[in-house]
Amino acid sequence: MGTARQAAGVPSPLVGEGQGGGEPRRAGSPPTLNPSPQGGGESDLERAHSAAAAVVDPEIPVLTLADLGVLRGVERRGDAIIVKLTPTYTGCPATLAIQLAVEAALAEAGLTAARVDIVLAPAWSTDDITEDGRRKLRDYGIAPPARGAAARSLFAEETVACPKCGSTDTSRISEFGSTACKALWRCEACAEPFDYFKCL
Amino acid sequence: MAASPASPGAHAGGNATAAPTPLFTYVLALADDALVLGHRLSEWSGKAPMLEEDIALSNLALDLIGQARLYYTYAGEIEGRASGEDALAYLRDERLYGNVLLVEQPNGDFALTLMRQLLYAAFMHPYLQALQRSSDTRLAEIAAKAVKEMAYHLRHASEWVIRLGDGTEESRARAVAALDELWTYTGELFEMDAGERDLVRKGIAVDRETIRPIWQATLDRVLRQATLARPADRWMQTGGRKGRHSEHLGHLLAEMQVLHRAHPGATW
Numbered sequence: 001m002g003t004a005r006q007a008a009g010v011p012s013p014l015v016g017e018g019q020g021g022g023e024p025r026r027a028g029s030p031p032t033l034n035p036s037p038q039g040g041g042e043s044d045l046e047r048a049h050s051a052a053a054a055v056v057d058p059e060i061p062v063l064t065l066a067d068l069g070v071l072r073g074v075e076r077r078g079d080a081i082i083v084k085l086t087p088t089y090t091g092c093p094a095t096l097a098i099q100l101a102v103e104a105a106l107a108e109a110g111l112t113a114a115r116v117d118i119v120l121a122p123a124w125s126t127d128d129i130t131e132d133g134r135r136k137l138r139d140y141g142i143a144p145p146a147r148g149a150a151a152r153s154l155f156a157e158e159t160v161a162c163p164k165c166g167s168t169d170t171s172r173i174s175e176f177g178s179t180a181c182k183a184l185w186r187c188e189a190c191a192e193p194f195d196y197f198k199c200l
Numbered sequence: 201m202a203a204s205p206a207s208p209g210a211h212a213g214g215n216a217t218a219a220p221t222p223l224f225t226y227v228l229a230l231a232d233d234a235l236v237l238g239h240r241l242s243e244w245s246g247k248a249p250m251l252e253e254d255i256a257l258s259n260l261a262l263d264l265i266g267q268a269r270l271y272y273t274y275a276g277e278i279e280g281r282a283s284g285e286d287a288l289a290y291l292r293d294e295r296l297y298g299n300v301l302l303v304e305q306p307n308g309d310f311a312l313t314l315m316r317q318l319l320y321a322a323f324m325h326p327y328l329q330a331l332q333r334s335s336d337t338r339l340a341e342i343a344a345k346a347v348k349e350m351a352y353h354l355r356h357a358s359e360w361v362i363r364l365g366d367g368t369e370e371s372r373a374r375a376v377a378a379l380d381e382l383w384t385y386t387g388e389l390f391e392m393d394a395g396e397r398d399l400v401r402k403g404i405a406v407d408r409e410t411i412r413p414i415w416q417a418t419l420d421r422v423l424r425q426a427t428l429a430r431p432a433d434r435w436m437q438t439g440g441r442k443g444r445h446s447e448h449l450g451h452l453l454a455e456m457q458v459l460h461r462a463h464p465g466a467t468w
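So the protein lines, in turn, are chains A and B. Read in the working numbering, the first sequence has 164 at position 164, and its numbers run on one by one without any break. Take any residue in the second sequence, count from 1 to its spot, add 200: that is its number in the working numbering.
Pulled out of the complex, with its shape left as it was, chain B reads as follows (with noise of 0.2 Å):
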């Protein structure tokens, strides 16, 4: 292993040769993005508040896992690697993942749990509606078919954080204190580094400045039907991007990981 950490952009396995192209940078945080989440809805299946739910979070885990997939498969092109979607997802540690800190966070309560989806899914839906219109073919094709599992995702997600929101003293306070907790994960959302600026300029990538009022809009329409208020923008957290998570990330890892690194190759 190198002596120091690489970006998330190196290749799997730590033993990078080449700089990562900025593409792959890119691809690979948006599988990334997808992969956690997916992950972390995936725990609620068999715990969540009722049946419907139980059902409703696994489907949208089973969206964005397929989503990653088709994002890490195409980074493993890039890279040059046919195993590239296994080795990406199961052997690259915490400091090489470029996810947002927000998809990582634990999924804590119910409230916590959709708030999270909002924010979310309230980003990625008109994102992945811009980046249907990417110069990148494949980019443009993957994001034709997320941008359809997400309007669900969204409204699904719209609909509960309202439920909630307007509920009962006991749902309102907990969907209070989950706009309050996950509102400093929100600004890494937006954050775009040198690499991914240039591909926004080769019309690749989605300016992401360019979401932020149709972002603000959509949670603003849901917040008030909720009878919630956006937060202020406050200071905000950062780091994902380039590898420095939460400690959550890790044990995340370890439980999805755990099996393929035990059992190296393993197929069934």
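The following block holds chain A by itself, in its conformation from the complex (with noise of 0.2 Å):
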């Protein structure tokens, strides 16, 4: 992995170098935000926030949770690490298996005092994945989501490229698809049909 990349316009309360990767932090590393009351090293809160960005979710396995855009900051309250993340879909059953994942990633990185609340505004967007989770995306054969989800009108048409061979010469067979993000194209340039994620 490259160095990793946060979405313009996404802010984080731990955004530095090195984050969702869960790569090593260089020398000299960035001033946290939050640092433990404890100091030394790398704090609770950097450790708890690398360890949820790093999880995958589990439909999407080349999505990380920092990719997807739902990790909402780590914070820390009283004793307690709080690791706060948004659903993308409300009835999604992924999430479920993503506040568990993280919650297994939380005690493995040893942070026994940290849990996860999930966390309804700003409402997920798909504008919320990063451009290195898009391109992700592509790489796996689903169309990104086209930009600006929010201005989008009811009745509009969508152009999407094919994730295959880029044209796009699509055509929509479904707006659902095997799983609450995705629908249905069919490229007509290749003949292929791919997921496409909807936009929202």
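Because the hints were derived from the structure by calculation, they are not lab data.
Here are some chain A residues the structure puts well away from chain B; computed CB gaps all over 10 Å:
#1 Pro-58
#2 Ala-101
#3 Cys-165
#4 Thr-168
Facing chain B, a subset of chain A residues (Cβ under 8 Å, in silico):
#5 Tyr-89
#6 Gly-91
#7 Leu-120
#8 Ile-173
#9 Glu-175
#10 Phe-176
#11 Leu-200
All residues carry an ideal CB built from backbone N, CA and C; glycine is no exception.
Since each chain comes alone in its own frame, lean on the hints to assemble the complex.
This is the structure in structure tokens:
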């Protein structure tokens, strides 16, 4: 993995170099916004953030939670460390799986006082998926969602590029696919069916 | 069990001690609408007319049940019970359900299901848009999530109603019959009791009457394209919000609740 990237406009309280991939921090690492009161080395908050950020989506295993943009911050509340996650689709069965995976990752990192809080606001949007995440989706064969989902009009037509050949001569088979987040499309140029990550 | 059925806002389990608050009753009705319609749509799983629609209807069901969970969880918190979500969904009998009659109507044929979707989503989409501005932070947050999903529901139903109405003689006849059968259940979408009106005054709930022109305009646009016409308003069915349901809800709840009631507290 190259340098981790964060999507512009998706601030994270702990954005810094080396987030998302669990990579070792470089010498002279940037100051943390929430330094551990204990000090010394990587703080518990940073470790919790790294552990949670590196968890992969159970249904799209090429995406980490950092790529997906569902990690909404890590904070200390009393003695506990709170990892804040936001759901993608309200009925997505992966939400619980993701929560359990994050709790397991936190436990594995030795952070026994850490727990997960689900937050609803601001509501997740497919615009929260990072540039890195969009590239990974495309490489995986899923067309990334169009930008500006919030501004999309109710009955607008979409132009979607085939993730395999890049052609925009594509047509929608169904707006609903194998998971809550995907629509079924077909490329008219290379004749391949493909998944399109639904805008939300 | 109490001798006389309590109102839909009453606490689960029939051991109500205090009158439910208007906010609890209101949130519960939103939850019941979503859950009952979600359950109805889930009945298409495995037997929709085509694979794509089988998947689509199951996805719609998933969205609605997800939204219902958010409302039930909140209702449980208002009520002060940790077990709120499951108790409210699984341990109330039909007289305690406050959903509108529209959502409990049997699926009928594909045209009826999609017409029901259109009538509901054309109302709920602008309703949720407005609810995002609720002075109740939690409701505003839930609405902000749900409205994005509801946009998909509205578009999906609109496309199908157009396709069926402006389709073959057979599909058009079914769409006409569906609209005729369901229209009488649409009046309830605009009903507000005194408690809800009070919530409207406080900026918590949305005045349903303000949604009517938007709902009508959406229907007119879609139905015109479908070569159908919006029926004239006539006598409208009522009672769902007060717990007086059609015979269909009891059957739906029996199926939905049987596992939880047979094995209380079971987890897997």
